[in-house]
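J.: One letter stands for each residue in the lines below.
Number of protein chains: 2
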Amino acid sequence: MDITTLSEKLNHTLSALRYGEKPKELYEPIRYIMALGGKRIRPLLVLLSAKMFDEDVEKALLPAAAVEVFHNFTLMHDDIMDKAPLRRGQQTVHEKWDANTAILSGDVMLVRAYELLLGVEQDKLALVLRLFSRTAAEVCEGQQLDMNFERREQVSIHEYIHMITLKTAVLLGFSLELGAILQGAPKSDAEHLKAFGDNVGIAFQLRDDLLDVYGDKDKFGKQVGGDILSDKKTFLMLTALEQANEQQRQTIISWRDKTDESIAEDKVKAVTEVYDQLNIRHQTEQQIDLYFQKAIHHLDAIQLPKERKSTIRGLALQLMERDS
Amino acid sequence: MDITTLSEKLNHTLSALRYGEKPKELYEPIRYIMALGGKRIRPLLVLLSAKMFDEDVEKALLPAAAVEVFHNFTLMHDDIMDKAPLRRGQQTVHEKWDANTAILSGDVMLVRAYELLLGVEQDKLALVLRLFSRTAAEVCEGQQLDMNFERREQVSIHEYIHMITLKTAVLLGFSLELGAILQGAPKSDAEHLKAFGDNVGIAFQLRDDLLDVYGDKDKFGKQVGGDILSDKKTFLMLTALEQANEQQRQTIISWRDKTDESIAEDKVKAVTEVYDQLNIRHQTEQQIDLYFQKAIHHLDAIQLPKERKSTIRGLALQLMERDS
Numbered sequence: 001m002d003i004t005t006l007s008e009k010l011n012h013t014l015s016a017l018r019y020g021e022k023p024k025e026l027y028e029p030i031r032y033i034m035a036l037g038g039k040r041i042r043p044l045l046v047l048l049s050a051k052m053f054d055e056d057v058e059k060a061l062l063p064a065a066a067v068e069v070f071h072n073f074t075l076m077h078d079d080i081m082d083k084a085p086l087r088r089g090q091q092t093v094h095e096k097w098d099a100n101t102a103i104l105s106g107d108v109m110l111v112r113a114y115e116l117l118l119g120v121e122q123d124k125l126a127l128v129l130r131l132f133s134r135t136a137a138e139v140c141e142g143q144q145l146d147m148n149f150e151r152r153e154q155v156s157i158h159e160y161i162h163m164i165t166l167k168t169a170v171l172l173g174f175s176l177e178l179g180a181i182l183q184g185a186p187k188s189d190a191e192h193l194k195a196f197g198d199n200v201g202i203a204f205q206l207r208d209d210l211l212d213v214y215g216d217k218d219k220f221g222k223q224v225g226g227d228i229l230s231d232k233k234t235f236l237m238l239t240a241l242e243q244a245n246e247q248q249r250q251t252i253i254s255w256r257d258k259t260d261e262s263i264a265e266d267k268v269k270a271v272t273e274v275y276d277q278l279n280i281r282h283q284t285e286q287q288i289d290l291y292f293q294k295a296i297h298h299l300d301a302i303q304l305p306k307e308r309k310s311t312i313r314g315l316a317l318q319l320m321e322r323d324s
Numbered sequence: 001m002d003i004t005t006l007s008e009k010l011n012h013t014l015s016a017l018r019y020g021e022k023p024k025e026l027y028e029p030i031r032y033i034m035a036l037g038g039k040r041i042r043p044l045l046v047l048l049s050a051k052m053f054d055e056d057v058e059k060a061l062l063p064a065a066a067v068e069v070f071h072n073f074t075l076m077h078d079d080i081m082d083k084a085p086l087r088r089g090q091q092t093v094h095e096k097w098d099a100n101t102a103i104l105s106g107d108v109m110l111v112r113a114y115e116l117l118l119g120v121e122q123d124k125l126a127l128v129l130r131l132f133s134r135t136a137a138e139v140c141e142g143q144q145l146d147m148n149f150e151r152r153e154q155v156s157i158h159e160y161i162h163m164i165t166l167k168t169a170v171l172l173g174f175s176l177e178l179g180a181i182l183q184g185a186p187k188s189d190a191e192h193l194k195a196f197g198d199n200v201g202i203a204f205q206l207r208d209d210l211l212d213v214y215g216d217k218d219k220f221g222k223q224v225g226g227d228i229l230s231d232k233k234t235f236l237m238l239t240a241l242e243q244a245n246e247q248q249r250q251t252i253i254s255w256r257d258k259t260d261e262s263i264a265e266d267k268v269k270a271v272t273e274v275y276d277q278l279n280i281r282h283q284t285e286q287q288i289d290l291y292f293q294k295a296i297h298h299l300d301a302i303q304l305p306k307e308r309k310s311t312i313r314g315l316a317l318q319l320m321e322r323d324s
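Protein chains in written order, with the UniProt record's numbering: chain A, 1 to 324; chain B, 1 to 324.
Among the clues, some could well be false.
[Unchecked claim] Straight-line distance between alpha carbons at most 20 Å, and here's what the computed SDA-like set of lysine to any residue pairs gives:
id	chain 1	residue 1	chain 2	residue 2
1	A	K124	B	K233
2	A	K24	B	E159
3	B	K124	A	L127
4	A	K22	B	S156
5	B	K124	A	I263
6	B	K83	A	L127
7	A	K24	B	H162
8	B	K83	B	D56
9	A	K232	A	I263
10	B	K59	A	L125
11	A	K24	B	E153
Keep in mind that the hints were calculated from the coordinates and are not lab data.
The task is simple: from the sequences and hints, build the whole structure.
T.: And the structure:
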């Protein structure tokens with residue numbers, strides 16, 4: 001079964017999910033956010049991981065859906081907290097309805113995510129739910145740290161990596177671990193897949209930070225420099241602040257809190273110049289490579305023939321837009 | 001083991017719970033709301049139910065705690081939605097911190113509630129989590145209906161009973177069912193306990209509505225007529241509106257949206273007069289009695305000697321402040 005067939009199976013499972021009917025104010029927002037789409041990368045990782053150990057991935061379909069429902073629950077609640085107007089180019093739930101609706105519909109989504117895991121074989125259920133719960137709490141911790149960092153003057157690179165690990169990476173790691181556990185994979189293989197996913201997740205987020213500044217505008221689909229304009233403490237910004245001399249530091253600081261579109265071009269240009277002086281692009285690429293190599297090291301350690309691991313390896317490379 | 005010893009065991013379990021440490025912004029509000037106390041009625045029902053079937057209730061302690069953590073999660077999120085300034089006489093979490101904190105800490109509480117159930121014996125785990133999840137979703141549905149009703153002109157008595165069943169009663173029912181299941185009670189006994197709890201829950205909420213108008217001010221601890229002042233659609237109000245003649249209806253409607261303290265006494269007096277004319281007090285007492293008798297009928301149907309059921313029966317009577 002190739003990746004396209006898996007995707008189709010997954011999409012079929014997702015669109016067949018029933019969250020509830022009444023009251024409609026509670027359930028319509030769930031159907032709305034789930035219909036916004038997205039790359040469905042997390043549930044796909046569950047299935048690809050499962051497929052490494054057993055071609056028959058039927059029993060991984062609902063657990064894969066659980067991960068996607070959980071992910072969208074976090075988006076629904078994060079969007080309230082971040083006051084985000086748009087999600088995937090459409091109105092966010094709290095904008096289209098209101099914050100109360102987004103709170104309560106999100107709560108039910110978390111419940112439904114757990115329910116989708118309850119079909120897991122009895123002897124694996126407690127373990128799966130324990131790991132899922134740990135991951136869920138970590139994702140919340142990551143979101144809290146992200147909000148804390150916005151209000152803080154100083155954030156270290158180490159703290160930043162810890163935050164994106166919790167907020168973004170651990171759910172990718174869990175997705176891969178879940179697929180392995182469902183198919184009865186050896187514990188060490190499941191753990192290596194978890195570590196592979198965590199590290200790919202970190203690399204992926206760093207790459208996101210990088211592309212925001214150095215990405216191809218047409219390819220990336222977002223405004224170049226959006227993070228700079230909104231004073232976001234990304235890996236690039238934190239590295240620059242750590243290494244800047246007094247003048248460079250002053251340049252960055254002088255642009256802070258200026259977020260108006262009219263000065264956007266000047267601000268992005270000025271901060272990018274500092275980045276260029278400090279060779280931030282290259283340093284970030286090195287870090288991405290470091291985490292990616294760590295990830296590959298864990299993939300290599302899995303006790304399976306190379307060809308069984310090639311699809312996941314390929315997907316990771318594709319996420320990184322790399323050739324090898 | 002008497003009810004006081006059970007309560008002590010329960011309080012010990014609750015105060016020994018560890019929710020997490022970092023970031024403290026996420027976990028402090030959880031410790032705060034859990035320390036506000038309350039009657040702990042739901043976890044106590046879990047233990048009393050468990051004790052009916054087996055004196056050794058050790059294995060029910062963490063599941064009982066799960067129910068209390070879940071209940072406090074719903075309070076934390078409901079208080080945001082209801083813009084409530086106080087909870088048990090103290091600042092609500094969204095007031096003491098902010099709404100984002102209350103959203104995210106609440107989310108983690110729901111995760112922790114699930115985690116506290118994961119020690120349930122393997123062969124019972126899926127069932128327990130399925131019933132818990134169903135109950136959790138129902139409680140959210142009840143809160144949504146409650147919010148809907150605030151904005152609606154017309155609400156039928158039937159719809160109101162449905163709402164309080166979901167919002168309040170089903171968690172009492174689940175608590176009792178949970179205790180029975182954990183001790184391996186026969187399915188029919190667990191189901192009768194669930195029905196007993198649901199009906200006691202409805203009766204209890206109706207009694208709450210009644211006491212708000214006809215309660216002894218000193219005993220009840222709240223301002224008499226608070227529901228009338230805030231135009232709350234209680235059982236009493238909805239029954240009155242259904243049975244009022246045109247003049248009585250106009251009296252009630254003329255006071256609507258007048259919530260200032262300066263007119264409080266006059267408003268409460270005027271609406272209570274209409275209630276008195278329509279004999280609403282007696283009708284509500286009849287309804288409470290109806291649901292209470294339904295509850296007792298289910299308790300009687302449980303296949304255990306009478307003395308095993310006397311503590312729960314006594315507690316229900318106590319909740320109703322009845323002698324028999």
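J.: Does each hint hold? Answer for all of them.
T.: Hint by hint, here is what the structure shows:
1. For the hint pairing A:K124 with B:K233, the CA-to-CA distance comes to about 47 Å; that exceeds 20 Å, so the pair is violated.
2. Proposed proximity of A:K24 and B:E159 is supported: the alpha carbons are some 15 Å apart, at most 20 Å.
3. The hinted pair formed by B:K124 and A:L127 meets the criterion: a straight-line CA distance of about 15 Å does not exceed 20 Å.
4. The hinted pair formed by A:K22 and B:S156 meets the criterion: a straight-line CA distance of about 16 Å does not exceed 20 Å.
5. Using a Cα cut-off of 20 Å, the hinted pair B:K124 and A:I263 is violated, with the two alpha carbons roughly 62 Å apart.
6. Straight-line distance between C-alpha atoms of B:K83 and A:L127 comes to about 38 Å, which puts the hinted pair past the 20 Å bound.
7. A hinted pair counts as satisfied when its Cα atoms are at most 20 Å apart, and A:K24 with B:H162 qualifies at roughly 15 Å.
8. Restraint check for B:K83 and B:D56: the C-alpha separation of about 42 Å exceeds 20 Å, so the hint is violated.
9. At most 20 Å may separate the alpha-carbon atoms for a hinted pair to count; A:K232 and A:I263 meet this at roughly 16 Å.
10. Only pairs whose Cα atoms come within 20 Å are accepted, and B:K59 paired with A:L125 is accepted, the gap being roughly 19 Å.
11. As the CA atoms of A:K24 and B:E153 are separated by approximately 18 Å, the hinted pair is consistent with the 20 Å bound.
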